[in-house]
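Top to bottom, those sequences are chains A and B. 1 is the number of the first residue of the first sequence in UniProt numbering; add one for each residue after it. 1 is the number of the first residue of the second sequence in UniProt numbering; add one for each residue after it.
FYI, nobody ran anything at the bench for these hints, they're computed from the structure. Be aware that a few hints might be false.
Here are the computed lysine to aspartate or glutamate pairs in the EDC-like style, where the Cα-Cα straight-line distance is at most 16 Å [to be verified]:
id	chain 1	residue 1	chain 2	residue 2
1	A	Lys49	B	Asp353
2	A	Lys503	A	Glu419
3	A	Lys187	B	Asp42
4	B	Lys460	B	Glu448
5	B	Lys282	B	Glu229
6	A	Lys49	B	Asp352
7	A	Lys50	B	Asp353
8	B	Lys76	B	Glu463
9	B	Lys494	B	Glu120
10	B	Lys49	A	Asp352
11	A	Lys309	A	Asp352
12	B	Lys309	B	Asp353
13	A	Lys76	A	Glu464
14	A	Lys75	A	Glu464
15	B	Lys49	A	Asp353
16	B	Lys187	A	Asp42
17	A	Lys409	A	Asp493
18	A	Lys460	A	Glu504
19	B	Lys309	B	Asp162
20	A	Lys503	A	Glu464
21	B	Lys478	B	Glu238
22	B	Lys123	B	Glu111
23	B	Lys50	A	Asp353
24	A	Lys460	A	Glu448
2 protein chains.
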Amino acid sequence: THVRAAPLRPALSGLSATRRGLPKEKMTDNGMMSRAKVLTIDNMNPTVKKVEYAVRGPIVQRAVELERELSEGMKKPFAEVIKANIGDAHAMGQQPITFFRQVLALCSYPELLSDSTFPEDAKSRACRILQSCGGFSMGSYSASQGIDSVRQDVAQYIQRRDGGVPCDPDNIYLTTGASDGIVTMLKLLVCGEGTSRAGVMISIPQYPLYSAALAELGAVQINYYLNEEACWSLDIPELQRAVNEARRYCNPRALCIINPGNPTGQVQSRQCIEDVIRFAAKERLFLMADEVYQDNVYADGCQFHSFKKVLFEMGPEYSETVELASFHSTSKCYMGECGFRGGYMEIINMDDDVKAQLTKLVSVRLCPPVPGQALMDLVVNPPQPGEPSYNNFIKERTATLSALAEKAKLTEQVLNTVEGISCNPVQGAMYSFPRITIPEKAVQEAAEKGQAPDMFYCMKMLEETGICLVPGSGFGQKDGTYHFRMTILPPKDKLQILLNNVKEFHQRFTLQYS
Amino acid sequence: THVRAAPLRPALSGLSATRRGLPKEKMTDNGMMSRAKVLTIDNMNPTVKKVEYAVRGPIVQRAVELERELSEGMKKPFAEVIKANIGDAHAMGQQPITFFRQVLALCSYPELLSDSTFPEDAKSRACRILQSCGGFSMGSYSASQGIDSVRQDVAQYIQRRDGGVPCDPDNIYLTTGASDGIVTMLKLLVCGEGTSRAGVMISIPQYPLYSAALAELGAVQINYYLNEEACWSLDIPELQRAVNEARRYCNPRALCIINPGNPTGQVQSRQCIEDVIRFAAKERLFLMADEVYQDNVYADGCQFHSFKKVLFEMGPEYSETVELASFHSTSKCYMGECGFRGGYMEIINMDDDVKAQLTKLVSVRLCPPVPGQALMDLVVNPPQPGEPSYNNFIKERTATLSALAEKAKLTEQVLNTVEGISCNPVQGAMYSFPRITIPEKAVQEAAEKGQAPDMFYCMKMLEETGICLVPGSGFGQKDGTYHFRMTILPPKDKLQILLNNVKEFHQRFTLQYS
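With the hints as constraints, model all of the structure from the sequences given.
Written out as structure tokens, the structure reads:
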């Protein structure tokens, strides 16, 4: 069930498979005493078994198999597998920002600092980063919280972004992608047993990192449902319902928000954010704001508001009390640099003793990857007007963001022409999460296979069209509703074809099971 | 207690400090209602509080403070802080391998592929890596287990290293440094409550990642003591004692070995490894072999033997049954590329269902950093004879390893000239871990300060000489014995001065407290 490379020794893995489930000692075919495994599925960590992560689940494993089969010349009803399952921009052809990569090359191989083909601003940026690295090398460990100068640049970026709301570099922790920061924060929060076990509120649909981390940490997942009928809005009465019910069986401690939404693509209004903050204050919840799509806002009239900014605009009653962690990343927005695993978190109003524990905890893993830290630095401190790389940087950034905006609109439009598919506007982020009608006969056939109906649907689409989507059940959805998540990342011409193929598949599927 | 950058807003952190320990609601100085924190030291995750990590503990925090004070012009009895606390080679002036950095620059900024100043072998290596990345970009996510072609190269490296013992790329998982792999494996193993709680055997002295991870995961740490009198040898009777005692209160499941040793620098004999494997088989323990220092062997007559190789040489009774995970990294050896957080683990004889769970678990974090994967690829597939970069690569590697060997010897020699310091040979790895005599009066003064005696000693050395070492108590040691860990990484002339300063400090300290 995992990605397979050409095995150098097929015999070995075959042998170990045959031994599964044997009692503690048994004679094998070749006459040797065999032992039961020390570590088995029955005695391994039970919380790990509960972890699920649909974005890289069985459907993606099948997609990888299909790619291999295609490359081995096997005949399929499609020429290529299109992975629209994950927000992996460069894999879909998005080009990296030239300036960022120039600086990374200079940092990797500082001999290039004397190469006249590199622009001066790239060189000065690289020097500044390297001067903050021990021995002028990205190969040195950084401080566990991240390189000082990078955290200072992050703080200044946040201050600019939030119209001057102050930001202390001491509150910035660089991370190995946003996922790392989120899991670290959740780790601090879990505690208790039985009805006092820590509970964490997450949206449904959600990004499955949250459910996976909560399962692994043994915390209680408290679901609040986004309102699909109102463009996936977050309604306070639903938050209230969720927390009231949860208080009967656990200790709700934190509220996680993803804005712009993943997988749902909505962008929260300033008012909504204010209401959420009031709710968190009233219910005494630690706020976690996943803001990795902060540059990915496409819809007219929509604007990104950071939780930090709104919190501080609400005055000291809130800004000096509500505990907040917000997360950002190099992986999304216009950069799409997922592979570098760069990110940061800002923590607000955290108790000083807890913060010391956080600093200690991150020190065990030594430091986030330095190339990712360097990249994060460039994201928060890009070329400025007057610098040689400024114009090209703006051109590249604008081109990427405009293309995404166009593809967001296209996706919504085409999907809404299909009977049995209805798609909210993709206001932001990188995904559409349309609702699909699945005929009763298909629901039954899925049940016979032990599959969720939308998994059955997506698996069939993959086999017939080569399109890899993630079923809504992997993110959570209201009972009886079905969805899939599809990225808007493929190049426009490819996206057009993909959307048409989805359309035709849906029509065929509906016909077949009606 | 954390690394401080210049605060943009000192007032805020001051305010939050004054609010600590207040009851749930209270009027503050400025007349507002204040709330107790949601997340406090008393209600946070208790397992996180138990985590300790001496390598980046209070002494390093003080070292960072001293550096800042020096840079601000404050007078100290020394001109610079020398951090001999951590195996951070580049920070100590070790130069990166040119070929590795050329390939990383090419991968970061592929425009350079048309630059004629880069050697052809660096270009072809970069192309091979980029062709395995989605969209020819290191900015794409890789497979969660790691890039296929890199795992194939790792498998071939292991096969060569182990004299042909087969290695299946399917058993290779690329990781975010070795730490990540070790923690992931430990995560699979923990389970149970009370006397059936999982126990993991670790050496004392140990590398504190192990104790930190076990504390966080809530597993039982089972100590076995290395024999300092016999050059930190691992004696089977001691393993037996430890496991027998542990069976009374927990469920011993795994045995961790660090070879070459950290912090103790010993290199295990082939015989010893064989005995350990027999012991693990007999006691039904999952073996974890931390082999990140596999190229760092200096002493005459010593040689690195991988657990994998010895296991397979012991015949199918062992090679087909004993479960083993071994770990490697880009951070040590001759590369010293810590900042890239590259690494891999190989798993042997793992149950197929558990392996599927492992693959699922690593997928939640998406993938290890791709630049670190690329670097791991170069380490396992360096320039070959006949390639343009081969001679220079060999020259650079040899120079680094010879210098380390020389410094290992120098360190042992100088420290052993000091009365009250006795140092085992540094056979391998990057550290000496000498035993120090601390006068009774100093032990008492430390007790009054609530410090371990060797923490008191190291803190005093730091304040007087600027030398930052880690006290033995951070790694564990026999009661009543005291040590420190010192890296052998500073350049030779600096190391000479450092050793003399340690010597003088020790003499002064001994005199003062006698």
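Hint check:
About 10 Å separates the Cα atoms of A/Lys49 and B/Asp353, which keeps this hinted pair within 16 Å; it holds. For the given pair, A/Lys503 sits about 9 Å from A/Glu419 by alpha-carbon distance, which is consistent with the 16 Å threshold. A hinted pair counts as satisfied when its Cα atoms are at most 16 Å apart, and A/Lys187 with B/Asp42 qualifies at roughly 15 Å. The hinted pair formed by B/Lys460 and B/Glu448 meets the criterion: a straight-line CA distance of about 15 Å does not exceed 16 Å.
Restraint check for B/Lys282 and B/Glu229: the C-alpha separation of about 27 Å exceeds 16 Å, so the hint is violated. About 14 Å separates the Cα atoms of A/Lys49 and B/Asp352, which keeps this hinted pair within 16 Å; it holds. Proximity of A/Lys50 to B/Asp353 is assessed by CA-CA distance (about 14 Å); at most 16 Å being required, the pair is judged to hold. Distance hint between B/Lys76 and B/Glu463 is fulfilled; the C-alpha atoms sit about 8 Å from each other, no more than 16 Å.
Between B/Lys494 and B/Glu120, the direct Cα distance comes to roughly 37 Å. Violation of the 16 Å bound is thereby established for this hinted pair. As the CA atoms of B/Lys49 and A/Asp352 are separated by approximately 14 Å, the hinted pair is consistent with the 16 Å bound. Taking the CA atoms of A/Lys309 and A/Asp352, the gap is near 22 Å; set against the 16 Å cutoff, the hint is violated. A distance of roughly 25 Å separates the Cα atoms of B/Lys309 and B/Asp353; the hinted pair therefore is violated under the 16 Å criterion.
For the suggested pair A/Lys76 and A/Glu464, the alpha carbons sit about 8 Å apart, so the restraint of at most 16 Å is met. Taking the CA atoms of A/Lys75 and A/Glu464, the gap is near 12 Å; set against the 16 Å cutoff, the hint holds. Distance hint between B/Lys49 and A/Asp353 is fulfilled; the C-alpha atoms sit about 10 Å from each other, no more than 16 Å. The straight-line distance between the Cα atoms of B/Lys187 and A/Asp42 is roughly 15 Å, inside the 16 Å bound, and the hint therefore holds.
Using a Cα cut-off of 16 Å, the hinted pair A/Lys409 and A/Asp493 holds, with the two alpha carbons roughly 14 Å apart. A threshold of 16 Å between alpha carbons decides the hint, and for A/Lys460 with A/Glu504 the separation of about 13 Å falls inside it, so the pair holds. A C-alpha spacing of about 5 Å is found between B/Lys309 and B/Asp162, which places the hinted pair at or below 16 Å, so the restraint holds. At most 16 Å may separate the alpha-carbon atoms for a hinted pair to count; A/Lys503 and A/Glu464 meet this at roughly 13 Å.
The straight-line distance between the Cα atoms of B/Lys478 and B/Glu238 is roughly 13 Å, inside the 16 Å bound, and the hint therefore holds. Restraint check for B/Lys123 and B/Glu111: the C-alpha separation of about 11 Å stays at or below 16 Å, so the hint holds. Pair hint B/Lys50 plus A/Asp353 holds up; C-alpha atoms about 14 Å apart against a cutoff of 16 Å. Proximity of A/Lys460 to A/Glu448 is assessed by CA-CA distance (about 15 Å); at most 16 Å being required, the pair is judged to hold.
In summary, the structure is inconsistent with hints 5, 9, 11, 12 from the numbered list given earlier, while agreeing with the others.
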